[in-house]
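S.K.: If you want the building blocks of each chain, they are given just below.
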Amino acid sequence: MSITTRVPTIRNRRTKLSGFVGTAPAEPRVPDGRTRTSIVVWLSLGWLALIALAAVVAPFLPFLPQPATPVGMPRLAPALGSFELLLGTDTIGRSIMTRILYGAQISLTVAVVAGAFAFTVGTFFGMLAGYFRSLTDGIIALITDVMLAFPPLILLLAIASLVTPDVRTVTIGLGIVGIPTFVRLARANAMSWGSREFVRAARNMGAGHPRILFREIMPNVIPPVASYLPIVMASMIVAEGGLSFLGLGVPPPTPSWGGMISEGKSIIAQAPHIVLIPITFIFLTIFSLNQVGDRLRARFDKSAS
Amino acid sequence: MRMIALRVGRGLLVILLVTFVARVMLSLASGSIAEGLLGSEATPENVAALEARLGLDRPIWEQYLTWLVGAVQGDLGTSMFTQQPVAESIIARIPVSFQLAAMGILIAVVVATIFAILSASFPDSPLDRALNALSSVLLSAPGFVAGPIFIFVFAIVLGWLPVLGWVPLSENPIENLKFAILPALAIAVQEIAALHRLLRTDLITTLGDDFILAARARGMGRAYVMFRHAFRPSSFSLITVLAINIGNLLGGAVIVEVLFSLPGVGGLLVTSITTRDIPMVLGVVTFIAIIYVIMNLVVDLLYGVLDPRVRRPVAR
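Listed in order, the protein sequences are those of chains A and R. Residue 25 in the working numbering sits at position 20 of the first sequence, and the numbers go up by one each step. Residue 45 in the working numbering sits at position 18 of the second sequence, and the numbers go up by one each step.
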């Protein structure tokens with residue numbers, strides 16, 4: 006999938022071929038429909054900021070009950086009036102509002118920490134592979150190939166079968182699973198920048214490998230690679246949600262979005278809000294991250310996806 | 028031929044590696060398994076005896092070799108809880124998982140192709156933009172998001188389909204379809220979006236090529252050119268993306284099977300992980316690894332069928 010440069014081309018509307026061939030043959034223009042949706046991107050950023058803020062301040066809000074404490078009758082429908090009952094109560098009468106916000110803490114912490122870890126480690130080794138090539142590249146490529154040779158969720162499930170899962174193990178597992186993506190991106194970018202004139206110039210002026218790597222190449226590699234971060238974080242939230250949903254993620258007393266979906270799924274006919282609320286939150290978060298990620302990629306990743 | 032041999036060899040290596048790593052990891056965690064089985068009143072002698080019977084006291088590589096020799100002969104060991112042969116339990120559950128995956132991929136490819144052809148025929152039109160927006164939404168709806176919504180809308184609000192349950196295909200195909208359609212859709216959702224995005228870009232690029240203009244100039248119809256000339260090169264990248272997504276698809280299938288309480292392989296995996304049933308987990312993981320490798324192999328071979336240029340060994 007290539008993100009074509011958005012070169013304005015003259016569309017020939019007069020011929021019968023318009024809309025079919027419709028573009029200048031030399032540079033086919035692929036309208037990506039994203040240029041018009043920047044309002045959606047802003048809304049997405051707003052949502053992410055809101056949910057992150059809510060997750061951070063949740064423990065300090067005096068009017069918010071603890072996530073494990075029942076606050077009313079079970080399965081109360083969402084109702085205006087009090088903040089803690091705004092989204093209703095779950096199967097044993099706990100406030101869904103509280104649990105959503107504490108769940109956001111888990112999802113976002115896992116995504117941010119695991120994402121940062123995968124990004125740092127992956128970019129570093131990817132740059133080494135792309136810069137030094139030959140043996141270094143061979144070894145790093147082999148390791149990434151082996152890591153990619155296995156369905157990620159199955160790998161995470163296998164990890165969950167060995168260690169009792171908690172926030173830390175889930176984060177570490179997701180961080181490791183996320184590394185190969187960044188290795189590949191950083192490697193490709195480092196390769197293309199490594200053969201540029203300014204790098205040769207730096208070498209001829211006597212710069213050593215570390216200096217070339219970190220002062221010449223890294224500043225150019227970081228933006229395109231980092232533009233994939235939101236999308237990778239979205240997939241980490243999906244994976245964390247999936248694991249919690251299967252009961253193999255963050256263990257039950259701790260609220261998590263995936264766990265809430267799993268708890269409510271058997272009574273979806275009687276009390277649909279118990280399932281639909283966490284679904285809405287997780288969907289909006291994934292959607293926002295994807296939107297922001299698409300925008301960043303279109304902006305910074307000139308090569309390909 | 029040489030290419031096929033290379034690919035098969037690589038696939039076998041992956042399977043060996045994966046099962047070995049799985050075995051080592053499980054052995055590391057298995058310290059308390061015998062104790063867990065016997066309960067808290069077990070004496071150390073009892074624990075040792077059971078470990079010896081299960082072979083847990085031998086070195087890891089020996090356990091792995093014994094298991095491997097058995098596995099090659101089709102014997103994956105017996106479950107530590109139900110005492111049933113692992114291979115039998117897996118085989119009994121294959122039809123469900125296979126049907127779901129097949130239906131999911133079929134739905135995804137068909138729907139995405141229709142969407143992409145509509146998009147590419149009228150690029151930048153309101154229809155195209157609507158389909159793009161729909162794709163963005165679908166892309167953000169993994170199985171555990173799409174599934175409950177499907178259940179809620181189609182089974183509860185509309186009441187068209189039964190909520191949970193399963194009827195084997197061999198018993199009653201129509202009833203079976205009623206139970207299978209929602210899970211298959213839930214698996215397909217994200218794939219539809221991914222494939223639509225890719226095919227659309229691809230088709231629009233191809234349609235801008237000179238040979239399309241030439242074909243149109245010779246008086247061939249739009250639809251004819253679309254399918255005959257434009258779609259074939261695009262099907263190539265369709266398959267690539269499918270191959271990349273197979274891993275996600277398998278993972279998604281596990282979640283969907285659990286969500287819809289279907290008697291498939293994925294459900295078996297989750298149950299055996301929760302109960303720490305080592306032979307069962309290892310058996311299922313091996314099975315999934317084999318399927319994964321076979322599917323990638325099939326994709327590689329399909330390249331050769333679709334694109335004659337690849338019929339020689341290439342370094343990817």
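Calculated from the structure, these hints are not laboratory results. It should be emphasised that the depicted structure is a prediction, and the values quoted were computed from it without experimental measurement. Heads up, a few of these hints could be off.
Covered by chain R, according to a simulated footprint, are these stretches of chain A (three or more residues, beta-carbon under 8 angstroms) [claimed, not checked]:
no. : region
1   : 130-137
2   : 249-258
3   : 276-285
If the Cβ cut is set under 7 angstroms, some of the chain R residues that face chain A in the computed set are [stated by the list, open to error]:
no. : residue
4   : 167
5   : 169
6   : 171
7   : 172
8   : 175
9   : 178
10  : 179
11  : 180
12  : 183
13  : 185
14  : 271
15  : 274
16  : 277
17  : 278
18  : 282
19  : 285
Backbone N, C-alpha and C fix where the C-beta goes; we use that ideal spot for every residue, glycine too.
S.K.: All hints are to be evaluated individually against the structure, with a verdict given for each.
M.R.: Hints versus structure:
Here's how the region 130-137 of chain A fares: 0 of its residues keep a CB closer than 8 angstroms to some CB of chain R, so the rule of at least three is not met and the hint is violated. Check result for the region 249-258 of chain A against chain R: holds, 4 residues qualifying (beta carbon to beta carbon below 8 angstroms, three or more required). With a cut-off of 8 angstroms between beta carbons, the region 276-285 of chain A has 4 residues touching chain R; three or more are needed, and the interface restraint holds. Using the Cβ-Cβ criterion of 7 angstroms, the hint placing residue 167 of chain R at the interface with chain A is satisfied: the shortest such distance is roughly 4 angstroms.
Taken as an interface hint, residue 169 of chain R checks out: its beta carbon lies about 5 angstroms from the nearest beta carbon of chain A, inside 7 angstroms. A least Cβ separation of about 5 angstroms between residue 171 of chain R and chain A falls short of the 7 angstroms threshold, and the interface hint therefore holds. Annotation: residue 172 of chain R was flagged as interfacial toward chain A, and the flag holds, the nearest CB pair being 5 angstroms apart, inside 7 angstroms. Checking residue 175 of chain R against chain A: minimum C-beta separation of about 5 angstroms stays under 7 angstroms; hint holds.
Hint on residue 178 of chain R holds. Least Cβ distance to chain A is approximately 6 angstroms, under the 7 angstroms limit. Taking 7 angstroms as the C-beta cut-off, the interface hint given for residue 179 of chain R holds, the closest approach to chain A being about 6 angstroms. Annotation: interface hint on residue 180 of chain R violated; nearest CB of chain A at approximately 10 angstroms, more than 7 angstroms. Hint status for residue 183 of chain R: holds, given a least beta-carbon distance of 5 angstroms to chain A, under 7 angstroms.
A least Cβ separation of about 13 angstroms between residue 185 of chain R and chain A goes past the 7 angstroms threshold, and the interface hint is therefore violated. Given the 7 angstroms rule on beta carbons, the hint for residue 271 of chain R is violated: about 9 angstroms separates it from the nearest Cβ of chain A. Taken as an interface hint, residue 274 of chain R checks out: its beta carbon lies about 4 angstroms from the nearest beta carbon of chain A, inside 7 angstroms. Taken as an interface hint, residue 277 of chain R checks out: its beta carbon lies about 5 angstroms from the nearest beta carbon of chain A, inside 7 angstroms.
At about 3 angstroms, the closest approach between the beta carbon of residue 278 of chain R and any beta carbon in chain A falls short of 7 angstroms, and the interface hint on this residue holds. For residue 282 of chain R, the interface hint holds, since its Cβ comes within 7 angstroms of a Cβ in chain A; the closest pair sits about 5 angstroms apart. Evaluation of the residue 285 of chain R hint against chain A yields a held restraint, the C-beta minimum of about 6 angstroms falling below 7 angstroms.
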